[in-house]
Amino acid sequence: MGTADSFDGTFQVTPGARRRERKPVVPNEVFATLVFIFTELMFFGGLVSAHTITRGLWPMWPPPGQPRLPIEATAFNTAVLVASAVLMVVAGRREALGQARAPLTGAMLLGAFFVAAQGYEWVGMLSQGLTLTSSNHGAFFYLIVGTHAVHVLAGLAVLIMLRARLVAGTLTSSGFQAGRVFWYFVVALWPVLYWRVYL
Amino acid sequence: MVLALVGAAWACPVCGAPGASNEAAYVSMTAMLSLLPLAFIGGVAYWVYRTATSSDGER
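These protein sequence lines are chains A and B, in that order.
According to this note's numbering, the residues represented by the first sequence are 9 to 207, in order.
According to this note's numbering, the residues represented by the second sequence are 6 to 64, in order.
Please keep in mind that the hints were generated in silico from the structure rather than gathered at the bench.
Idealized CB from N, CA, C, for every residue including glycine.
Rough simulated footprint, nothing fancy, chain A against chain B, three-plus residues with beta-carbon under 8 Å:
no., stretch
1, 25–35
2, 43–53
Taking beta-carbon pairs under 8 Å as the criterion, some of the chain B residues facing chain A (in silico):
no., residue
3, L38
4, T56
5, A57
6, S60
Label-pair ranges, simulated between beta-carbon atoms:
no., chain 1, residue 1, chain 2, residue 2, range
7, A, R76, B, M37, 23 to 33 Å
8, B, S39, A, V131, 30 to 40 Å
9, B, V32, A, A120, 32 to 42 Å
10, B, T35, A, A110, 42 to 52 Å
11, B, S39, A, V90, 25 to 35 Å
12, A, G137, B, R55, 48 to 58 Å
13, B, S39, A, A110, 41 to 51 Å
14, A, M68, B, M37, 18 to 28 Å
15, A, A110, B, L40, 36 to 46 Å
16, B, S39, A, A176, 43 to 53 Å
17, B, V53, A, E48, 11 to 21 Å
18, B, D61, A, E129, 47 to 57 Å
From just these sequences and the hints, can you work out the full model?
Structure below.
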């Protein structure tokens, strides 16, 4: 008579019964990440909605006397962030082959470049007089872009943790998938914000 | 009653926004915030369905 792996180890199964491994359709880590992303999506939806309605009150945007945002430089920065997501896709496909470390490191570096370039851009905008309290334009710019930057930093922390676990050999497939899903969200959100805030 | 409803209608920003562009922004953002959760939940449900049916086919 065989025994199953129950909590106390005393559960008896009938002779001949076979254990069936049930693989979840969606791993718990991924599902939790999706629920979190859902709340984040609505949060950013509210920010974009408030910005769009406020922008509609003005005949032209940015309002007169306000500095223009660096559209071209940020477009390049957007491409860098999208490239990091492409590297994460590559890392996901190479995970089974044990070759995910290089693309994961590349995605981390590109993400770090994005945040550094955003910081450099902020210094430039502050020197031109655009602050959080200078106008609605400045308030929405720093609020929306800054909130996204916090998410990129959180995503970078996740990538660093994933890489450390990958190197240590303790990274689970579902954990890696959850981290990738969060990074895809952070990257996919940015072009929408760029379109609404910069263009 | 009609006269009483006029005030309520003007209190609705979508019905009586100060400008045409502002009114369009209210309408589009109302639609966006209404459809966004439905699209997300629908997309995840479809992905789970696809994943479940493909894993059934592999067994």
